[in-house]
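If you want the building blocks of each chain, they are given just below.
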Amino acid sequence: MILSRSERGPTTRTDAELIAASKSDPERFGDIFDRHFDAIYRYVASRLGATLVDDLASEVFSIAFRRRASYRLDRDDARPWLYGIATNLLHRQYRTEQRRLQAYGRTDLVTEEFDVAAIVERVDAGAQQARVAAALATLAPGDRDVLLLFAGADQSYQDIADALGIPIGTVRSRLNRARRTVRSRLGLSGEYHDERDVSRNPQEEVVDGRT
Amino acid sequence: MDEREMIHDFVATASGPSASSRNAARAALQTQIVHESEKGTRRRSFHWKLLLPTASAAAILAAGSIVVAGPLLRRGQQTPAVAAILHSASRVASLRPAHYLQPGEYAYTKSVGAYFDQQDRQGHTWGALVQTTREIWIGADGTGRIRQRSETPVFLAPGDRARWEQAGTPPITELSTGETYDRRFTRLGPPLELDGFHQGELLRLANNPDALRDAIRAAAEKTQNPLGYEMLTIVGDLLGESVAPPQLRASLYQVAADIPGIELVGTVTDRGGRRGTAVSASRGDTRLELIFDPRTSVLLAKEEALLHRIPDIAAPAGTVLAYTLYLNSSITRSLSAP
Numbered sequence: 321m322i323l324s325r326s327e328r329g330p331t332t333r334t335d336a337e338l339i340a341a342s343k344s345d346p347e348r349f350g351d352i353f354d355r356h357f358d359a360i361y362r363y364v365a366s367r368l369g370a371t372l373v374d375d376l377a378s379e380v381f382s383i384a385f386r387r388r389a390s391y392r393l394d395r396d397d398a399r400p401w402l403y404g405i406a407t408n409l410l411h412r413q414y415r416t417e418q419r420r421l422q423a424y425g426r427t428d429l430v431t432e433e434f435d436v437a438a439i440v441e442r443v444d445a446g447a448q449q450a451r452v453a454a455a456l457a458t459l460a461p462g463d464r465d466v467l468l469l470f471a472g473a474d475q476s477y478q479d480i481a482d483a484l485g486i487p488i489g490t491v492r493s494r495l496n497r498a499r500r501t502v503r504s505r506l507g508l509s510g511e512y513h514d515e516r517d518v519s520r521n522p523q524e525e526v527v528d529g530r531t
Numbered sequence: 056m057d058e059r060e061m062i063h064d065f066v067a068t069a070s071g072p073s074a075s076s077r078n079a080a081r082a083a084l085q086t087q088i089v090h091e092s093e094k095g096t097r098r099r100s101f102h103w104k105l106l107l108p109t110a111s112a113a114a115i116l117a118a119g120s121i122v123v124a125g126p127l128l129r130r131g132q133q134t135p136a137v138a139a140i141l142h143s144a145s146r147v148a149s150l151r152p153a154h155y156l157q158p159g160e161y162a163y164t165k166s167v168g169a170y171f172d173q174q175d176r177q178g179h180t181w182g183a184l185v186q187t188t189r190e191i192w193i194g195a196d197g198t199g200r201i202r203q204r205s206e207t208p209v210f211l212a213p214g215d216r217a218r219w220e221q222a223g224t225p226p227i228t229e230l231s232t233g234e235t236y237d238r239r240f241t242r243l244g245p246p247l248e249l250d251g252f253h254q255g256e257l258l259r260l261a262n263n264p265d266a267l268r269d270a271i272r273a274a275a276e277k278t279q280n281p282l283g284y285e286m287l288t289i290v291g292d293l294l295g296e297s298v299a300p301p302q303l304r305a306s307l308y309q310v311a312a313d314i315p316g317i318e319l320v321g322t323v324t325d326r327g328g329r330r331g332t333a334v335s336a337s338r339g340d341t342r343l344e345l346i347f348d349p350r351t352s353v354l355l356a357k358e359e360a361l362l363h364r365i366p367d368i369a370a371p372a373g374t375v376l377a378y379t380l381y382l383n384s385s386i387t388r389s390l391s392a393p
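Protein chains in written order, with my numbering: chain A, 321 to 531; chain B, 56 to 393.
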């Protein structure tokens, strides 16, 4: 459970404080795992077949632990950082899978890093989940990354920009395109209205970059 | 409901981690944490002055009847990390290549070790470690062979040699005559069992860690030893020598994680010079350690050491009273050396 700064008591440390402490006391990084593993797992599970989720979700924290010395300590919340690692791993997994499939002359089993059939089968959900999965599968990978982080993981534009290492204006343009496409695929009526990104801290003002 | 809400539900309803998935991931991270914590810290290990720090059996046996020096007492800690590390070893074990013994095949294991014994003469008592070389061949059907040879004893502590000399240097053959125990197990006789476990029974329990734990607990409760100590002993015996396909080994590590009172010692070096992770359980005056390689889950060694001085043994805390070094294992179709 992530607490906003106003909800955290004086003794609850931010992710940045825990990561800073873990440089000399590695055990403190375990708290980062305890806080965020479930959310990262669900994010990965929403994109991959069941056989790969355990390993990938675990690998996110293994990589994060090795890289913690380079974590930007001005970022209290480590989730964008972790989502960024997860997204890169997903793409790397896709490239590895593609090379393997191409070696067997097959390229049709996995759509980028988004395994529609496995997701729908595993989710065992109703028609809506299947429709959403199918709609997401039609997106370009970069657009899908942004949309899933925005709508699925509740990340702000700035968080998404940090996670993916792209300009905030690129986040907005990809998000706009992705939302229009998905709305069309899902048959949602009405105009798509561009909305201001409301960050989790109302005092922050999001600067809209050039699209 | 707009597309943002639909996608939010899509991610939110994705499967969350099961307890085993979370534990396994946490254990993998904990292994990294433990190894990093150990880096740069001065590792304390038992150094027997004249036991050569190599993995070769010949070098280890070359110590002969020489006094041991300089034991150091390692401290164990009962922390949540021990379960995480053992679950990590379980996961590693489950991923190891599998070979299921075929009829006529045996799992062969060679180990060297020692056990403590004492002699009394004319009011003087001294102790020594009787060194052994052991080979075991185990078939899935309970056939096999055990060949164990006792070697020259090694005095336990400096005072032991002195007391032996004061007693007139009597023949040390009461402790060891260099005899060899050699027994073959055929289908016509009793099967070869480890701690009362038949290989067939172990293979049936391989995929059921709960049932395996119950069976090991039941066996442990029949002895006079503390439950945790005896369970760890059995787990170590089965990891070291049984026909253990990946799932059985994985289940044994899961059983170990639940042993009452099990403690984490940390990264140690066994007397073969090999680095591993040690976990321990105590029995009154002594503590048993299992040392395994966390990268492969292979059991490297067992050691039992004094926790403190006791009246019957004139040796300081940390003195090792028994050990086993697992040297090599292989699959063979012959009941001679592979």
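Quick caveat, the hints were computed from the structure, so don't treat them as lab data.
Heads up, the beta-carbon is just placed ideally off N, CA and C, and yes, glycines get one too.
Hints may be right or wrong, so weigh each one.
Stated by the list, open to error - Facing chain B, from chain A, some residues (calculated, C-beta under 10 Å): (1) E347; (2) F381; (3) F470; (4) I486; (5) P487; (6) R505.
What the hints assert, rightly or not - Computed spacing ranges between beta-carbons, pair by pair: (7) A:A341 / B:R330: 25 to 31 Å; (8) B:G316 / A:A460: 44 to 50 Å; (9) B:E91 / A:T458: 39 to 45 Å; (10) A:D345 / B:T241: 56 to 62 Å; (11) A:S344 / B:I365: 35 to 41 Å; (12) A:S390 / B:A74: 49 to 55 Å; (13) A:D351 / B:G316: 25 to 31 Å; (14) B:R151 / A:S344: 33 to 39 Å; (15) B:I365 / A:D345: 34 to 40 Å; (16) B:D237 / A:S344: 52 to 58 Å; (17) A:D351 / B:G251: 52 to 58 Å; (18) B:L282 / A:A447: 41 to 47 Å.
The hints, checked one at a time:
no. : hint                        : result
1   : E347                        : 6 Å, holds
2   : F381                        : 5 Å, holds
3   : F470                        : 8 Å, holds
4   : I486                        : 20 Å, violated
5   : P487                        : 22 Å, violated
6   : R505                        : 9 Å, holds
7   : A:A341 / B:R330: 25 to 31 Å : 28 Å, holds
8   : B:G316 / A:A460: 44 to 50 Å : 56 Å, violated
9   : B:E91 / A:T458: 39 to 45 Å  : 43 Å, holds
10  : A:D345 / B:T241: 56 to 62 Å : 58 Å, holds
11  : A:S344 / B:I365: 35 to 41 Å : 40 Å, holds
12  : A:S390 / B:A74: 49 to 55 Å  : 32 Å, violated
13  : A:D351 / B:G316: 25 to 31 Å : 26 Å, holds
14  : B:R151 / A:S344: 33 to 39 Å : 35 Å, holds
15  : B:I365 / A:D345: 34 to 40 Å : 37 Å, holds
16  : B:D237 / A:S344: 52 to 58 Å : 56 Å, holds
17  : A:D351 / B:G251: 52 to 58 Å : 43 Å, violated
18  : B:L282 / A:A447: 41 to 47 Å : 54 Å, violated
Taken one by one, the earlier hints fail for this structure at numbers 4, 5, 8, 12, 17 and 18, listed in ascending order.
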